[in-house]
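**Q** Listed here are the chains, written in short residue letters.
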Amino acid sequence: MLTSLTVRAARWHLRRREVSSVELTRAFLERIQALNPRLNAYLTVADEEALAMARQADERMMQGEDTPLLGVPIAIKDVLSTRGMRTTAGSKILADYVPSWDATAVARLRAQGAVFLGKLNCDEFAMGSSTENSAFGVTRNPWDESRVPGGSSGGSAAAVAADLCCAALGTDTGGSIRQPAALCGVTGLKNSYGRVSRYGLIAFASSLDTVGALTKDVYDAAIMLRAMEGRDPCDSTSVAAEPVDAEALDARGASLDGLTVGVPREYFTDGMQPDVERSVRIAIAQLQALGARIREISLPRTHLGLPVYYIIAPAEASANLARFDGVKYGLRVQGGDLIATYMQTRGAGFGAEVKRRIMLGTYALSAGYYDAYYIRAQKVRTLIKRDFEQAFEQVDVIAAPVSPTTAFPIGAKTDDPIQMYLADVFTLPVSLAGICAISVPCGFDSDGLPIGLQLIGPAFGEQRVLEVAHAYQQTTDFHLKKPLS
Amino acid sequence: MLTVAEVERIALLARLALSDDEKVRYSRQLSAILDYAAQLAELDVEDIPPTASVLSIHNVMRDGDKAVAGLSRADALHNAPETDGASFVVQATFDDEG
Chain H
483 MLTSLTVRAA RWHLRRREVS SVELTRAFLE RIQALNPRLN AYLTVADEEA
533 LAMARQADER MMQGEDTPLL GVPIAIKDVL STRGMRTTAG SKILADYVPS
583 WDATAVARLR AQGAVFLGKL NCDEFAMGSS TENSAFGVTR NPWDESRVPG
633 GSSGGSAAAV AADLCCAALG TDTGGSIRQP AALCGVTGLK NSYGRVSRYG
683 LIAFASSLDT VGALTKDVYD AAIMLRAMEG RDPCDSTSVA AEPVDAEALD
733 ARGASLDGLT VGVPREYFTD GMQPDVERSV RIAIAQLQAL GARIREISLP
783 RTHLGLPVYY IIAPAEASAN LARFDGVKYG LRVQGGDLIA TYMQTRGAGF
833 GAEVKRRIML GTYALSAGYY DAYYIRAQKV RTLIKRDFEQ AFEQVDVIAA
883 PVSPTTAFPI GAKTDDPIQM YLADVFTLPV SLAGICAISV PCGFDSDGLP
933 IGLQLIGPAF GEQRVLEVAH AYQQTTDFHL KKPLS
Chain P
5 MLTVAEVERI ALLARLALSD DEKVRYSRQL SAILDYAAQL AELDVEDIPP
55 TASVLSIHNV MRDGDKAVAG LSRADALHNA PETDGASFVV QATFDDEG
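Sequence lines, in order, name chains H and P.
All you need for this note's numbering is the position in the first sequence, starting with 1, plus 482.
All you need for this note's numbering is the position in the second sequence, starting with 1, plus 4.
Be careful, since some hints might not be right.
Here are some chain H residues pointing at chain P (derived, C-beta under 8 Å) [said to hold, decoys possible]:
| hint | residue |
| --- | --- |
| 1 | Ile-857 |
| 2 | Val-862 |
| 3 | Lys-964 |
I should point out that these hints are in silico values taken from the structure, not numbers from a laboratory.
Source: prediction; values computed, not measured.
Every residue, glycine too, gets a C-beta built ideally from N, C-alpha and C.
Please model the complete structure; the sequences and the hints are all you need to start from.
**A** Written out as structure tokens, the structure reads:
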């Protein structure tokens, strides 16, 4: 089936003229039309733009051009600005917002000739772990439509899992690529902070936000990162790191000889679902069978990731979201004076979780609490970062679960914010340390729901993480299983 | 426990109009989250420097001051809730006597 192709396979068929980009794009648009009413993965389907981009890509190919993404249909999380294409951030306050520019990651994919099928659902302003915080309805997990897809990049994960695109852009601030990738059985790479420009990403927490891709396999993750990464004059925190090399993944093959994989004991807790622990342990044994040395390690501040994150991220969010005031763009609800207009606009435009985080962040930054909460959280962040730095003196990568559970039922955690936040307990520390990690499918629970293995690397250690994950996928087939069959 | 009065104070700082129900709910939920965060207060972090950014880069300079095309006026205005065709239209910030 055309829509199940990876980016790499799609390019192979396009290059051999066995299929045109227009044909491939049509196949996706038809599948989206058939399945999106059930899944609600797309908030905007850009039929006409997609076909126009596909025609252009076909012309470029006729002229002999060849890029790793030319003519390949992908989709974009709705927190990334797309020129001329509605971008809502999953919020009522931006329901009709049409950006005048592309995010840098989007612009680079456009320049490569990728085709944009549309914009994908997410928790409002990427705040959430289930996509239930979207103002436009929850996305359903293709493996079980009564369950959440994870979040906040839930639309991205569901779209990749259900073959509604070849690959999707997501963002990860505290786990928002890795956790939905795990819950939907796809591959998701959270890049090191600074590797991909944040320009044009609607900001949530600026010291944590990262842009990345959700894909059908690890090789595609490398292709997508290579297309987006690198220094950008528009983002002063972007870094020119050694680029990743997809072809080198094949060259290395499936041998992990000479590598040491650390297994942190704090990531195997009593509260986790037994099926998750079993699958992750089996996956680690597989890495050993491929030649890796396994070493138990300790990351003693793991449990502090959650309280640190839920001070720092809301604090930064409360500042970033101050811009939504009903003046230059977005919703306006007119009040008696300017302050009343601000307050009523924001009160009506933001959903419950966004308001909760703005309140929390405002409190943590307010006079008298700044040192006790915000500065203290930043100090503990230093300790969490040091834990990883010390671990990477002993091991090359760290293997752990992504999420303590598989996909949970829609509505199960919406009344208890802390229970919802605990879904990210194994992904938050990586975000606070600014390092990289990939989620790859490693099994299914007794209900047939996907389980993710998290492979963590040091800052800008993506190539090594991709190598280990690719070797794992060369010798397992969990990433090839499909829902809805 | 965060009182409703404290929630109202924060909501004013954050420029958020809240319903009475929301005030009660947020006083309960924010208290629970702050209680959870209280475990940070038990740590000795006296000599630990805070991390505001994980990167070690400082004082990034622009590559050079080059003139590039900015947004057109029409592009800048096209998402605005109210314009007069040339500017954003908002309520007066100060009253007449101000």
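**Q** Take the hints in turn and mark each one as holding or not.
**A** Hint check results:
| no. | hint | verdict |
| --- | --- | --- |
| 1 | Ile-857 | holds (5 Å) |
| 2 | Val-862 | holds (6 Å) |
| 3 | Lys-964 | violated (37 Å) |
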